[in-house]
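Could you put together the complete structure from these sequences and hints?
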Amino acid sequence: MLHTIQVIAAGFFVLSGLFFFTTATLGLLRFPDFYCRLHATGKGDTLGTLLMIVGFMIYEGFHLLSIKFILIPLFLFMASPTVTHSIGRAGVSCGVEPWEKKETEKAEETQ
Amino acid sequence: MRIFFTAVSFYLCVLIFINLYRAIYGPDILTRIAAINAIGTKTVMILILIGFIYGRVEMFIDIAIVYALLSFIATIVAAKYFLARRSIE
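Chains as they are written, first to last, in the numbering used here: chain A, 1 to 111; chain B, 1 to 89.
Calculated directly from the structure, the hints in this document are not laboratory data. Ideal Cβ placement from N, Cα and C applies to all residues, glycine included. Incorrect hints may appear among the rest.
Some residues of chain A that are not near chain B, with every Cβ distance over 12 Å (derived) [claimed, not checked]:
hint, residue
1, Lys102
2, Thr104
3, Thr110
Listed next, the stretches of chain B that the computed footprint assigns to chain A, with coverage defined by at least 3 CB atoms under 8 Å from CB atoms of chain A [said to hold, decoys possible]:
hint, segment
4, 6 to 18
5, 29 to 40
6, 58 to 69
7, 74 to 87
Now the structure itself:
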């Protein structure tokens with residue numbers, strides 16, 4: 001009985017992690033400009049990693065391996081914002097212009 | 001549960017190929033760096049899933065940690081290079 005609950009909870013967390021990975025990938029594929037894409041991948045991948053690791057930890061049960069499992073999201077929660085910030089700063093220093101709607105599209109929306 | 005983990009890792013492979021499209025045809029170089037960073041995060045997850053499929057998590061978790069560190073260093077170095085270069089042409 002307990003094992004069934006464990007497996008169902010692990011599956012739920014892994015699937016919700018996959019959902020965030022999917023949204024991050026869709027954002028990377030569909031957003032119009034470099035800063036928007038960075039925004040999508042930087043947040044979605046971090047949360048997806050945390051949820052999937054929590055699912056793995058529930059499936060594996062609590063023992064010494066859980067500390068190693070905790071190390072990965074602990075590191076990624078420091079590394080992923082650092083990476084996103086430094087790529088974004090490189091974009092600003094290279095003079096990449098943020099995306100804006102064209103005048104024709106704005107006029108179509110107001111009509 | 002093993003079949004479930006195999007299906008999850010196949011799905012992550014599909015997501016990696018979508019990211020690889022952005023990494024190859026990305027309009028500028030910084031988009032490519034961001035896409036490669038996202039691929040690295042998904043690869044860490046796939047490594048742990050391979051550990052579960054083969055029943056050797058205690059070995060594959062170490063490989064996953066090292067891969068996360070290497071992927072972080074690679075992205076930081078590429079971003080630093082373009083920060084100092086001040087041009088993406």
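For the segment 58 to 69 of chain B, do at least 3 residues have a Cβ located nearer than 8 Å to some Cβ of chain A? Holds: 7 residues of the segment 58 to 69 of chain B have a Cβ under 8 Å from chain A.
How does the segment 6 to 18 of chain B fare against chain A when you require at least three residues with a CB closer than 8 Å, holds or violated? holds (count 5)
Per-stretch coverage check for the segment 29 to 40 of chain B, three Cβ contacts closer than 8 Å to chain A: holds (count 7)
Find the nearest Cβ of chain B to the Cβ of Lys102 of chain A and say whether that gap is larger than 12 Å. The claim stands: Lys102 of chain A keeps its Cβ more than 12 Å from every Cβ of chain B (closest is about 16 Å).
So Thr104 of chain A supposedly isn't at the interface. Is its beta-carbon more than 12 Å from every beta-carbon in chain B? Non-interface label on Thr104 of chain A holds, nearest chain B Cβ at 21 Å vs cutoff 12 Å.
Non-interface label on Thr110 of chain A, tested against every C-beta of chain B at 12 Å: 28 Å, holds
How does the coverage statement for the segment 74 to 87 of chain B fare against chain A, requiring three or more residues with Cβ below 8 Å from a Cβ of that chain? holds (count 9)
The structure fails none of the hints (numbered hints given earlier).
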